[in-house]
Amino acid sequence: MPTKAEVIRTKAVELLKSNPDGLRYADLHRELVKQFPDIPLNTIQASAWDLHNTRSKEVYKPSRGLFKYRFAGVEESLPDTQPTEVEPTPVTFKEEDFYSPFADWIKNELGECTEAVPLGGNSLGKKWGTPDVIGVYKSSKRDVIQFQPEIVSAEIKIDPKDPITAFGQAISYRLFSSKVYLVEPTTLSPEDMDRIEALCILFGVGLILFDLTPANPNFRIRVRAQKYIPDMFYANELADRLYETNKKLFDKLF
210 MPTKAEVIRT KAVELLKSNP DGLRYADLHR ELVKQFPDIP LNTIQASAWD LHNTRSKEVY
270 KPSRGLFKYR FAGVEESLPD TQPTEVEPTP VTFKEEDFYS PFADWIKNEL GECTEAVPLG
330 GNSLGKKWGT PDVIGVYKSS KRDVIQFQPE IVSAEIKIDP KDPITAFGQA ISYRLFSSKV
390 YLVEPTTLSP EDMDRIEALC ILFGVGLILF DLTPANPNFR IRVRAQKYIP DMFYANELAD
450 RLYETNKKLF DKLF
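Under our numbering, the first residue of the sequence shown carries the number 210, and numbering increases by one thereafter.
Honestly, I wouldn't trust all of these hints.
Unchecked claim - Cβ-Cβ distance ranges computed for the label pairs, FRET-style: (1) F280 / T422: 32 to 40 Å; (2) I354 / V242: 49 to 57 Å; (3) K266 / S227: 13 to 21 Å; (4) D460 / S227: 54 to 62 Å; (5) R433 / Q254: 30 to 38 Å; (6) N317 / Q244: 42 to 50 Å; (7) T396 / S349: 57 to 65 Å; (8) V353 / Q254: 50 to 58 Å; (9) I354 / N455: 24 to 32 Å; (10) D460 / I430: 54 to 62 Å; (11) L411 / M441: 18 to 26 Å; (12) L411 / V353: 31 to 39 Å; (13) N317 / N262: 44 to 52 Å; (14) F463 / F412: 23 to 31 Å.
Said to hold, decoys possible - Listed below are the simulated DSS-like cross-link pairs for lysine-lysine, each with C-alpha atoms no more than 25 Å apart in a straight line: (15) K316 / K347; (16) K316 / K243; (17) K347 / K461; (18) K243 / K347; (19) K213 / K243; (20) K270 / K243; (21) K456 / K350; (22) K350 / K266; (23) K303 / K316; (24) K316 / K461; (25) K436 / K350; (26) K350 / K316; (27) K457 / K316; (28) K213 / K270; (29) K270 / K370; (30) K316 / K226; (31) K220 / K266; (32) K316 / K456; (33) K220 / K270; (34) K436 / K461; (35) K226 / K213; (36) K316 / K370; (37) K270 / K350; (38) K347 / K226; (39) K347 / K370; (40) K347 / K436.
Simulated from the structure, these hints should not be mistaken for laboratory data. We treat Cβ as the ideally placed atom computed from N, Cα and C, and that holds for glycine.
Taking the hints into account, I'd like the entire structure generated from these sequences.
Following this line, the structure appears as structure tokens:
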């Protein structure tokens with residue numbers, strides 16, 4: 210006769226098997242409570258919190274608070290069957306569709322810039338030196354205490370497959386920016402989300418999440434960017450390149 214703890218753990222493994230992306234502890238606990246309404250909450254908690262230890266052959270924790278089934282996606286694949294080709298869902302929007310909405314949001318909602326404009330691509334001649342959105346926080350003529358303009362840069366991605374590369378691009382903007390934001394879709398896997406959030410906190414990069422709907426991206430802040438002193442050589446180099454390639458944008462920002 211299995212104990213209550215064994216029954217709970219077996220059910221927890223089943224829940225993880227049916228959720229290949231894994232479940233956070235709070236979600237797993239909530240599902241177990243639904244499955245076992247007559248078992249005390251403390252018993253469920255005591256049985257599930259260290260599932261990665263008690264069922265280590267089946268369950269692991271790729272990041273804090275996230276449980277995953279160790280063989281997710283393996284058992285369903287049979288060696289004697291051909292994989293079914295799935296037609297990719299056509300993408301009806303481009304990354305550039307989110308540049309202007311984010312520029313408006315970081316200026317008017319987040320208040321990190323007094324001016325912000327879309328840039329992106331290779332418009333300044335350097336791929337990793339051209340933010341998707343660039344903004345400036347500067348004092349107005351009415352401010353009693355004047356200060357030097359601060360550059361705020363953002364890297365926006367709609368593809369959740371390679372967040373580490375996106376982070377690398379964002380961190381490179383620290384050379385010339387006082388603040389940097391990485392803007393990622395909510396379709397990131399829980400594991401990637403945890404890793405990117407930890408990296409952003411560690412290196413002072415802001416993290417913004419958004420929905421892949423250009424009409425209403427619903428930007429929301431996950432990690433606020435820390436302020437750093439940029440290398441003024443690279444800050445002036447950026448300003449010079451912007452002046453040479455797009456004087457109208459330069460005048461608007463500076």
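- Distance restraint evaluation - D460, S227, Cβ atoms, bounds 54 to 62 Å: holds (57 Å)
- Message: Please verify whether K350 and K266 have alpha carbons no more than 25 Å apart.
- Response: Distance of about 65 Å is beyond 25 Å: violated.
- Are K316 and K456 close enough, with their CA atoms no more than 25 Å apart? holds (21 Å)
- Going straight from one Cα to the other, do K456 and K350 come out at no more than 25 Å? Holds - the C-alpha atoms of K350 and K456 are around 22 Å apart, at most 25 Å.
- Taking 23 to 31 Å as the hint, is the beta-carbon distance of F463 and F412 inside that range? holds (27 Å)
- Given the hint that K350 pairs with K316, test it: the Cα-Cα distance must not exceed 25 Å. holds (18 Å)
- Hinted pair K347 and K436, Cα distance within 25 Å: Holds. K347 to K436 sits at ~14 Å (cutoff 25 Å).
- Do the alpha carbons of K316 and K461 lie within 25 Å of each other, as the hint requires? holds (13 Å)
- Message: For a C-alpha distance cap of 25 Å, please report whether K213 and K270 respect it.
- Response: holds (23 Å)
- Task: Could you grab the alpha-carbon distance between K220 and K266 and see if it respects the 25 Å cut-off?
- Result: Since the Cα atoms of K220 and K266 sit roughly 15 Å apart, the hinted pair holds (cutoff 25 Å).
- Message: Looking only at beta-carbon atoms, does the pair F280, T422 fall within the given range of 32 to 40 Å?
- Response: Once the Cβ atoms are compared, 34 Å apart, the range 32 to 40 Å for T422 and F280 holds.
- Mind checking the alpha carbons of K243 and K347 for me, to see if they're no more than 25 Å apart? violated (53 Å)
Hints 7, 10, 16, 18, 22, 30, 36, 37, 38, 39, counting from the list given before, are not met by this structure.
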